[in-house]
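Enquirer: The lines below spell out each chain.
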Amino acid sequence: MPVYIKGMGNISPQKTWGNDPLLASPSDYSGNRLTCIEPDYGQFVDVRQLRRMSRIIKMGVAAGTMALREAGIITPDAIITGTSFGCLEDTGIFLSKMIENSESALNPTPFIQSTHNTIGSQIALLLQCQGYNQTYTQRGFSFEHSLIDAILELKDNPNQNILAGGVDEITTHSHSLQKRFGIFRENSSSLNLLRQAGDGTINGEGAVYLALSGEKSGNNNICVEAVSTFYNSRKLTASVKDFFESTSLGYADVDLVLMGKTGVGKWDRALEAVASVLFPKASLGVFKHLCGEYPTASAFATWLAARLLREGRIPEIVVEKNAERPLRNILIFNSYFEKYHSLVLLRTC
Amino acid sequence: MKGRVYVAGTGVISAIGNSIPETLKSFENHSSGIGKVSLFDTIHENTLPVGEVKIPNTQLADNLSVNSSLSRTALLGIQAAREAVAASRVNVSKWRTGLISATTVGGMDKTENFFVDFLKNPSKGRLRNVVHHECGSSTELIADDLGVNGFISTINTACSSSVNAIALGARLIRHNILDVVIAGGTDALSKFTMNGFNSLMILDRNPCRPFDAGRNGLNLGEGAGFVVLVSDTVKEETRLKPSCFVSGYANTNDAYHQTASSPEGRGSFAAMQKALAMAELSPENIDYINLHGTGTLNNDLSEGTAVKRLYGDNYPRLSSTKAFTGHTLGASGGIEAVFSIMALEQQCVFPNLRFETPIPEIDMKPQLSFESDIKVNHVMSNSFGFGGNCSSIIFSRM
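From first to last, the protein sequence lines stand for chains A and B.
Following the working numbering, the numbering of the first sequence begins with 1 at its first residue and continues without gaps.
Following the working numbering, the numbering of the second sequence begins with 1001 at its first residue and continues without gaps.
Each hint should be verified, as a subset may be incorrect.
[Stated by the list, open to error] Pulled a few chain A residues facing chain B out of the computed Cβ check, cut under 10 Å:
{"#": "1", "residue": "Leu106"}
{"#": "2", "residue": "Thr115"}
{"#": "3", "residue": "Ser121"}
{"#": "4", "residue": "Gln128"}
{"#": "5", "residue": "Thr135"}
{"#": "6", "residue": "Arg139"}
{"#": "7", "residue": "Ser142"}
{"#": "8", "residue": "Lys155"}
{"#": "9", "residue": "His173"}
{"#": "10", "residue": "Ser176"}
{"#": "11", "residue": "Arg180"}
{"#": "12", "residue": "Ser233"}
{"#": "13", "residue": "Lys339"}
What the hints contain is simulated information worked out from the structure, not anything from laboratory work.
If you're wondering where the values come from, they're calculated on a predicted model, not measured in any experiment.
Note that beta-carbon positions come from the ideal geometry of N, C-alpha and C, so glycine has one too.
For reference, chain A alone in the conformation it holds in the complex:
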């Protein structure tokens, strides 16, 4: 069953909101941390309410509002959010104060706003949305499971509008901590990250929401066809084959494979190996040099794929191999730290 994308909102390290042409002037970063280019939140939330919101909540609420506005929806029937790290800033504040103040005289606000479901519940509260409300937090599957949930809901009842998204933030604490695991490499140009494989990637963040429906309206013709996640897959090629067993499209129908390459050679090679066997005639593209590596980076990729389908072309900055095919079906093939692989198949319909 096709699930139509009726609207999208994306706040990312690129200028992905507003009326700018798609990736017209990509932002290049040095170092190993990418930071979102944020809009003026006053356009989306009342200033008094903004003051109480942490950065990730603002990004989530704004991206959700962008998607609903584009879709012309006032209140969705369901709000589904994926976030692996949750509200790190408030978690860090409460944790630090608790230690510094030896467990006394603590302000409850950061604690209240530290739970992962704060983003989805703040959107529900602002929109007075009393419908289904869900938050997934399975590392590299968090966004994909939001999509799967939305698809299940729409299969049962297509006549609904669902807001589904993926949101994760970097904080000073989280970045200095993750650096110690040796997963990032210093880079003079983030846009060149994927030109040479190494042993580290760059840290990213972002907030993406999609307004989805099982019913077509207006000229929306971009659909999420199928989504699947494989934890600890021992035979990645077989897992991808199984996925295509259950979809209406075949391997040869895939015009572009958008790969979640990170710049870490051993992980990237696993993706390339499957792509070269199953999709030898497809164009190949990449996206993590634009948004960085983070658990819900696949949400950025889904936004990008939908924009590519809308425009019918692949900007140079995304292309790894151009097979010069018309663009109708895009497969996002993501990996996150080796044990996580996911597929999101989008098509025009």
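Following the hints, complete the assembly by docking chain B onto the known chain A.
Expert: Relative to the frame of chain A, chain B by itself:
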């Protein structure tokens, strides 16, 4: 989308027992698990009672033959999930098996210790104490222990998380995406949550009294509860004789306040009503309600009001089991689902400890004693959380 989703096995660990039989015994004996914190240092140890599992990590790990550096959330989860899978006798590697766990603290019990050194110097603190911080990490560890790969997921909708995990499992089976799902939740006590709830001033300094007029807040608890859900096909092919099935569930949002429930309990009312509609049951068909019943002024009045709106004065037997276990946050829906299934299997209901006087606004009297040999065909369990998340689930006897 067709076919029933059956419960093939359950497993639980909480302050009132490390297994199903131990838990049942505590209920029969009215034996509460609320007491002093003993396993970590906190300035609140003499003032804030908790429902602690009285087994240190080293011993939990030893009993399970796993690494003792795992987060307590993962250790508790492995214990309960293993019990559920063993009871189900389902061979997880034979089927399309998924694990859906819920947690709100994840590896926080380790992170909060790591942070003491890290705050002084960002290059300090042992990384092994923070590597399992993410909620999803505890689910990975449980999946790896059970030999589940493929579909694993974690839900964090605060204190309603586990019910949503079980509901997602049922939906994935009904849509023929998975055959077997181990679903539930796990949460360990931590200084972070103790201080968080204390800063909100909703922790009782005495053992909690859910649904009593004089209630004065909740006690935190810890533990894990998992169920093994199977499809019709699995049931037929393995000649399983399940005791009950998942008949209805619903997830709504109160959309009233970030932490407080609406006075009329609009989210909880809608969750119960939608779960009943899905189960094609009328309110009178429910024989027992396992209430969310945290013991806070706000929750119990709001939930009680919603129950009264649904039933008037003819409400079924009902109780909050949190006076036994404390509020186990993300695990509570899983633990209480296990209790609900226990009520169906044992044909019993559980007492609401320490209840004396009804809340004047609702005049509701919960079940006061453990009672067995009664007819229990349908049980509803409520779980509500911060952010307005409300979920109800109904289990029905075969």
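Enquirer: Does each hint fit the structure? Answer for all of them.
Expert: To see whether the hints hold, each was checked on the structure:
1. Leu106: holds, 4 Å
2. Thr115: holds, 5 Å
3. Ser121: holds, 3 Å
4. Gln128: For A:Gln128, the interface hint holds, since the closest Cβ of chain B sits about 5 Å away, which is under 10 Å.
5. Thr135: holds, 5 Å
6. Arg139: Status holds, d = 4 Å.
7. Ser142: holds, 7 Å
8. Lys155: This hint holds: A:Lys155 lies near chain B, its Cβ roughly 7 Å from the closest one there, short of 10 Å.
9. His173: At about 8 Å, which falls below the 10 Å cut-off, the nearest Cβ of chain B leaves the hint on A:His173 intact, so it holds.
10. Ser176: Nearest chain B Cβ about 4 Å off; hint holds.
11. Arg180: Result: holds, 6 Å to nearest chain B Cβ.
12. Ser233: holds, 7 Å
13. Lys339: Nearest chain B Cβ about 7 Å off; hint holds.
Hint compliance for this structure: every hint is met.
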